[in-house]
Amino acid sequence: MSSAVSTEPLLHRSFREISRPRFRSSTLRPSPPPASLSCAPKSPSFRHARRRCASGSGPRRGGWGGAGAGALLRVRASSSGAAVVEALESADVLFQEAFPLQRTETAKGKIFVRLDQGKDGQNWQLTVGCTLAGKWILHWGISHVDDVGSEWDQPPAEMRPPGSIPIKDYAIETPLQKSSTSMDGDEVYEVNISIKSNSNIAAINFVLKDEESGSWYQHRGRDFKVPLMDSLQDDSNIVGSKRGFDLWPGALGQLSNILLKGEASDYKDKDASTDLEASKQEVRCLEGFYVEQPIVKVVSIRNSVNISVKICPKTAKTLVYLETDLPRDVIVHWGVCRDDSKKWEIPAAPYPPETEIFKNKALRTLLQPKEQGNGFWGSFALDEEFVGFLFVLKLKEEDVWLNCMGEDFYIPVSSTRSSSLIRQKESDSTETSGKTMETNTEVSSTAYTDDIINEIRNLVSDISSEKSRKTKTKEAQESILQEIEKLAAEAYSIFRSSLPTFSAEAVLEQEALEPPPHICSGTGTGFEILCQGFNWESNKSGRWYKELMEKASQLASLGFTVVWLPPPTDSVSPEGYMPRDLYNLNSRYGTIDELKDLVKKFHEVNIRVLGDVVLNHRCAQYQNQNGIWNIFGGRLNWDDRAVVADDPHFQGRGNKSSGDNFHAAPNIDHSQDFVRKDLKEWLHWLRSEIGYDGWRLDFVRGFWGGYVKDYLDASEPYFAVGEYWDSLSYTYGEMDHNQDAHRQRIIDWINATNGTAGAFDVTTKGILHAALERCEYWRLSDQKGKPPGVVGWWPSRAVTFVENHDTGSTQGHWRFPSGKEMQGYAYILTHPGTPAVFYDHIFSHYQSEIGSLISIRNRNKIHCRSTIKITKAERDVYAAIIDDKVAMKIGPGYYEPQSGPQKWSPVLEGRDYKVWETS
Amino acid sequence: MEVSVIGSSQAKILKTDLACRELGLLSFKNGGRVSWGKSQISFGRSCGLRNSGVRLTLKAVQTEAIRPQKISRPQSHGVRLYVGLPLDAVSYCNAVNHAKAIAAGLKALKLLGVEGVELPIWWGVVEKEAMGKYDWSGYLALVEMVHKVGLKLHVSLCFHGSKHAKIPLPEWVIKIGEQNPSIFFTDRTGQQYKECLSLAVDEVPVLEGKTPVEVYNDFCESFKSSFSSFIGSTIDGISMGLGPDGELRYPSHQGLSRSSKVPGVGEFQCYDKSMLALLKEHGETTGNPLWGLGGPHDAPAYDASPSSNSFFKDDGGSWESPYGDFFLSWYSSLLVRHADRLLSLASSAFGDSEVAIYGKVPLVHQWYKTRSHPAELTAGFYNTQNRDGYEVITEMFAQHSCKMILPGMDLSDEGQLQEGLSSPEQLLGQIWSACKKHGVEVSGENSSDAVAHGGFEQIRKHLSGEDAAHSFFYQRMGAYFFSPEHFPSFTQLVRNMKQPQMHTDDLLSEEEKAKEPVAATSESGIQMQTA
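Protein chains in written order, with this note's numbering: chain A, 1 to 919; chain B, 1 to 531.
These are computed hints drawn from the structure, not numbers from a lab. None of the hints are false.
With a cut-off of at most 30 Å between alpha-carbon atoms, the simulated DSSO-like pairs for lysine-lysine come out as follows: (1) A:K486 x B:K148; (2) A:K786 x B:K166; (3) A:K656 x B:K100.
Okay, chain A solo, but in the shape it has when bound (with noise of 0.2 Å):
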């Protein structure tokens, strides 16, 4: 049984990884009634029998994972059940066959939200829970009481329960544990969350994520969001519902019909905009309250039915034999046809018990449960003249009909019939009469891309049948080619990720094969060692790029040979990240011949420089006609075919993303050839115009790496190197040493760009935490001795860091250990990958040891590929041998290089950390 919600495609194309749903501000509705203090009174809205109810039927189309095939051929197997069974396999068996039968049942549970003071009188608590066993994930967000916007931001540390993960800079990520109390008889799954009062928090954002099905639970389409200053009322919110009202309607429908399932018939006489009347006179001064929501979860679940045919030895009649294992009472609606018109025709009496006619089109026969065990079987008697016996099934207590792929089960029963015959029916044009009967199926997720395929599919068999339809031609051609991408991109990730050995061996193997000094955009000459030339606060001057071109020189006299500058745009946000006109470069940090001589000035002491460009978003200038800003300005006016069709903010009309959105902007369809062509020249035009050398990529994990290869082809950068960031893997909060999934989706994406560009090794970023953090070295070695992140699978293509403008500076999503970072950068610059020196740690008075680990990296001439032996990995001391040349240790334990052939001697100690060449 495999579950799956049914909004699932619509959401996400890949729930491995974290996006990013929000959704502007949007009011819980604080639930006024005096009671709500206490815990669990029963709301009237809640329905408290947790009754499973079927909601309609899937077609014979689901998922075809091993599963689903398995739970086939089984059926198969265990068929011969009853007796009956028996007595038709002495005679000749005609047709045999179990079809499947897929339908889906719902789960209901209730999330509810309760806000209430605590003890002492001081701080609030919030607590979330859910009735519905499954992997529960909060992910949440604060707003701050000065926040403008809809941004959210990460909570302090303090706030955070424990096993919270950080996903980026804007949300955390808090597992719901099980509760030791239940309701109603159902287990609960909670998580608190406690609210300093006196913190500037305005309010608290959060959508309920099940990591099993990974789906999003929202409310009515938006995040849940509980106010707890009433400063919020006057801003955001009001405009922000208001907005939200004008626009989700249609949003709602796709967003989240699983909740509006339960809201439907729960929340249909409330009117929405009492409520905000309501919520808005409740919120001015902050009160406990509880709320529940009815959510459903839907649950796809697989039956079969047995079909067999014989002919009776006494009477020549047709005996069709029908079983299944569904669970309640089953009629099938039947009828037989002679010919294959496939037209229903009523046989001539005797019927098998409990039949009854239905409307003079078919027969309603209500199958006998078996003698044992689950299901039910009934068998029919027909006259030889018949050709096929047709059928589709029902559940009786439910209006839930079941078919054979969204068309009427056919048996062939007379024997020149071939059963191959009825696998036909998808390419007859003749309709079947069974049609005219309603069959309420679910949008399932493989049912939506099918029907696309088989769109498709007419088009191109149209394709080849015709030649006069030009432009008809063209545009489907265009959509069949998009769409095989795709698919092809799907499958090619699937069969890369199926293959973990390889990245280990075989690109090992690969790089033996590559000569060093080899240069490739992916790893430069691969004796590269970049340094970050921002951080968080360089735009607050107004004159970045002047300051910076008096400390080029002193760059590179401390080694580095490329230097990676802010993203140059016209941005919304100061920083630049959110970029609007592409071709203006006139930034918070300088203008763009400022930025021109910075260039200059870097060339000239032989640093290369590296454009932060932002592919994955962009802002636009000018709104729709439904007000939704996604009409963009400047050289690049594109409308809104340029932004993906999958977040429905910006109302794209584009494809589907080919990766995660960022929700905070318009996502850009690189799908669009216009669009790539547009951003090539773009790119094309940075490094002729600017003297860029290459490329550090935001935000990649938005859209597929091939792309960014096709892009990195036109522009031919010296160097490039992507940030694709998502959340490691945690059990109970805390790391796995494991992390071969996590650096696998890395690899994945370099993959996807054919190793034209390489990527920062956030995995390594995140085990060095750990691993320093809690005096866990081991950490340090992975299952066969190598280097735990990147830099152990691929590392010409990982480029190490200890921190960024993100993680550290002055916001500070993910900070490494304090004290701690010369341990990092005594690992990263001594061993493989290409190191980044993240600017504040330069400029600070780790300097000099930087300078010397540095001149220590170049005098060895270690690289990007050059050989690493692990030789200690234990709870207080990690060391390593790189080369043969140089030895490191990190760690507070001892350990000294055994001097074998070569003698070591130490040239640089530090705290926790020691660095011996050979002499």
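Got chain A; can you put chain B on it based on the hints?
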């Protein structure tokens, strides 16, 4: 019976029509669309249905509503392209591997307009545990997947193992082999090739009292009954495994070390007990008992060049001596007889089904430019400067109405190392013309899992022109296949194959089309396949 032959003025339709008429096909007008059907398809099916009386009565009813059989649906271009599924699509434990990826891949291929996929079915997976104990479950699931997407399926019955895919022969066969090593091919030094059975034991009851041919036959029958509902509809072709890697040859490079860049000549594989016994017998019957005591003593080793010993020497090598002829005719005739057995088995097993039978003949192109063609000789093809060794094979294929798969269509002479004196293009040309002479249809295949850049050009060449292959097996789906560095080239290949349709508004290609009557001629080939 409503039958109308379309006499359209459109040249294209006329051509295909002609092709069909020649083959006894009929076209039906069905809802304004021309669809192709073949009268036998619907009636002559044997699916274990035995009530012939009923069959007759229904015949008349049926013709009216006959369904267009997908096999014979006309493609307006010539070559039908199949993409091989991963070798381990069904794992050794009979589970479908990377099902999700395959599902996505199948959809992509369908959209791309690929005709179908090829699925290797391994003896070692299906009949793994004991003789006669078949488990088709993994494959059934996979075939169902293919069927659902609406692709065709070409099945390769693999009676060999694959180290590459980590699929060995059935466990019970390996066990027998431990007791009786002579069921495997053996070289001069006694080294055994355990990836398939020696052809010398084809008709010796070495497998628990049954002969390998009987066991293969049971396997085919079981396959046929398990997949009866797909055979002739979704499954439109079956390749019979004929030896190592499914190819008709001796494993003459069994211990192939990749140390040297230029592959050597290979070695004769006639040293297992059964082979030696046959050789002895052959020597005695031809009056040269001494010649039958062993293989040539002066043949070079696997990786050696032809001139490193005297047997294959261009001048005065023993291959040209009476002894050489004695040995080589015997050695090669066993191979032909083996193929004959298996193909006749296949055509009798599947002859009544609507599937085409295929066998694969390798392209042993190394050393083709020498006089003795040593690599071909060790592989079992007695094809030298003086003698055509492929005539007899194509003739035998023709007898059984089998089609021939020729791999290596992506190889060009230029891509070969000079020192190897190899010529894939010439050899391909030789085999191809033999096929043409005997009316054997040729299907192409690429040589390796990774087609190099020039390879696509080469494939394209073979798929157009007068002697275009009538179908092509592109090997093989997997991570590389879908990778950004490969998939676009493949897409390009497919699109180029369809070029006349893709650019109808482009005058240039209209002209091209006029120049090349390719599509029409090769179409007859397509239709033949269903015969």
